[in-house]
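**Student:** The primary structure of each chain is shown beneath.
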Amino acid sequence: MTRKEILDWAFEVYEDIDFTAARTWLADHPGRKAAGYLPVYAPRELIRAAGMLPVGIHGGGENLEIIKGDAFYQSYICHLPRSVIELAQSRRLSFLSAVLFPSTCDVIRNLSGVWQLLYPEIYVRYLDLPQGSDPEIRAQFWKQELAALLADLEEVSGRPATAESFRDAIATYNRARSVIRDLYRARRETPWRVPTEELYVLVRAGETVPVEVFLDKALGYLAEIERDAGRVRDKSRVIVVGAFCEQPPLGLIKTIERSGCFIVDDDFLIGNRLLTSDVSTQGDPVENLARAFAGSTVKTSTIYEPDSEGKRRSITERVAAAKADGVLFASASFCDPALLDRPLLEAGARAAGIPCMAFKFAENTSQFQQFREQTGTFADSIKLWGGA
Amino acid sequence: MASADPQKPRVSPDDGSSKDRSMQLQKEMLGEHYRRLESAPETGEPVVYTFVPGNLTELIRSFGALPVLPEINALQSAMRGKSQGYIAAAERAGHSEDVCSYVKCDVGMLKAGNVGPTGTRLPKPDLLLLSYTGCFTFMKWFELLREEYGCPTVFLHVPYQGDGRQTAEQRAYVIRQIREELIPALARVTGRSYDEDRLRENLARSAAAENDLVAVLQSARKTPSPIDAYFGAVYYVGPIFSAFRGTPEGAAYYRALRQEVEDRAARRAGPMTPSGPLDRQKYRLVVEGPPNWTHFREFWRMFSDEAAVVVASTYSKVGGTYDFGFRHDASDPLGTMADYCSGCYTNLSLPARVGMLENYIRDYGADGFLVHSVKSCNSFSAGQLMILREVEKRTGIPGAFIESDLVDARYFSAANLKNRLESYFQMLDARRASGAPS
Ligand code: SF4
Ligand code: SF4
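First to last, the sequence lines map onto chains A and B. So the first sequence is numbered by numbering that gives the first Met the number 0: it starts at 0 and just counts up by one. So the second sequence is numbered by numbering that gives the first Met the number 0: it starts at 0 and just counts up by one.
This is chain A alone, in the form it adopts within the complex:
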């Protein structure tokens, strides 16, 4: 597979708002079922262990015309739920037998209820990820929640998870996380070789296909970039913070990178990188998943930060780890978790002398001129003065 072939595949999957890859998998596997999940984190291992195909629902993006979705949401609510409802009301999600709604924010929480009312025949579950400061208490609660979820998924799929299916699911997602870490490392170290546009589309495509298909493409892509040293270029290195749920349009990602910045870390599709260590494949798989979540997740706006210095420190640590020159706070309009977190994160960055810039977007934003000017000026100011 050439890099171009891999990217052609990824762009096709990314742009396909009919989820053809998932539908094809279902057609090829009679009797099997698919379970959707919303941002930011769902335990995909459980879905796979119960014999179902996990499918990430990250909104309709820039290509979906909203016809019915706007009738469900007021103007002061972010765009994501209206495009997700649009996908559902236009029957593009009709292949899903279950949908999981993680506790990312109250919009997604309440969307679970909208789903219950609109589609009573579909299995709907709100996933209340454990919050708090005691990892032991959180792990125990999460284990019980996961066990209940698993039992339900097994009923929906008609395929009880086995020790073997569980080990396979955990090991396969460990590999996927490891490959994504490698992709991010490659971009961080040599961003001229790994444009974020490509990295993003590849990872996003991976959310809607069987994970082994993603692994195959992602490993192919890594091999290709190893072969291609690329032309070293000098741009301002930025991390993009706040776009963990509603995803920015691809045009915005391209705009940032074409206006003199390299994105060297980001929050896009953060569920893939939420767990910071591998999940053990030995012993009780549900317990292992629970402990992995309760014990080691990245710091993000949707998870309580018990350490009073933690927020400020997290931003400076991220900047240091990415050897970044500055931070772009990019939040979806009306995104509570991102926008409520921004003052603390920004204060942490500014106190450390890190240049920052903030803007808002919607997944269907189509005019990028203003962003180009803003990020271009930001990149220039970093280059000229080392600060905005």
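For the record, the hints were derived by calculation from the structure and aren't laboratory data. Misleading hints may appear alongside valid ones.
Stated by the list, open to error - Computed list of lysine-lysine pairs in BS3-like fashion (alpha-carbon distance at most 30 Å, straight line):
hint : chain 1 : residue 1 : chain 2 : residue 2
1    : B       : Lys110    : A       : Lys67
2    : A       : Lys359    : B       : Lys110
3    : B       : Lys123    : B       : Lys110
Following the hints, put chain B with the ligands in place on chain A, whose structure we already have.
**Tutor:** Just chain B with the ligands now, kept in the frame of chain A:
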């Protein structure tokens, strides 16, 4: 939504809407509470900040600490015309215009010296008790306040009733957090040990007050209704939602209130409103969503001028859904607190909220149903259009949808609201004239 006039002071609980004894009692209780808070740095009384939904006032008080509810400060600031300045200060400090205006009002008040709504200074918290019940913003709010106050924070995660109920495992999880995290944290900051007998006494007083409150709220089943269960209920639920659940003053307040309402019902009199006593009631409404606080009286008048009385509301259940049977149970102190937190209105699933509204419309003989959607609050607002449709479908009663905000006057457009309400009332008239069932 269009911009409104600059914010002016609009109403206070003692503005003459009612001369009832309960109102006087409430005023005295609040005044005394804020005075104690002001002198807490001298008296050494510990102070615990917490939120209205899922507030564990009985537990806090059993440790001899005084509760502060930031939402109450925000709404009171708005009623006294102070919120706009606070919000502006917070936005200048980098807080987004998109987020909950309660948070910005609170942050702005803090930056302006933390002078509370009654003009007395609020003390710093000794503990932030982050009862994470029914609202994502709570988590961010106290992360922000912790930064400002540098005090300890203890977190209580109350699982959402996504499937319409609290499971045994979820209940055990909440109890465990109360036992292993909250109680030790309260003991540390207050220097007292856990006194279960005192807690039980508080819980027993809570249950008595809850009985009286439910009798008050359910009096609206009568025609005419002796209360307004939305605007008027804001005052009725004030003590039980804030610092006074489980206190002797709280219990006395609810006894007095119930007596007044029962007297009014016996006289077939309506509630006092900004348009005067509302004895002749033309429309009986159920309302979903919180009120606007910046123009509270003006907003209420849009209803009372049309002789519309609210007979049931969901907002009056954010601090507890007592009218569906829950009472604090002194025989099971930790379990009952877990049950209380789990059952607060914004912790209920959308189907459960729809069921509650449907129930209110039928039980209280309502002929109209209104959603007041506020920009600030995703917990309430996201999904309200679905709620509207579903309730209309189930009851056959057409609803109305109006929008403004809690404490940000920029989103209160009196003309738009008035027009919308007038057309709605006309539509209800037309339905009546056509003999449609109500
Ligand atoms: S974009 Fe933000 S507010 Fe909207 S659903 Fe996602 S996390 Fe919630
Ligand atoms: S978002 Fe809603 S429930 Fe949460 S603090 Fe604001 S008004 Fe209260």
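**Student:** Determine for every hint whether it applies to the structure shown.
**Tutor:** Verification of the supplied hints:
{"no.": "1", "hint": "B:Lys110 with A:Lys67", "verdict": "43 Å, violated"}
{"no.": "2", "hint": "A:Lys359 with B:Lys110", "verdict": "26 Å, holds"}
{"no.": "3", "hint": "B:Lys123 with B:Lys110", "verdict": "12 Å, holds"}
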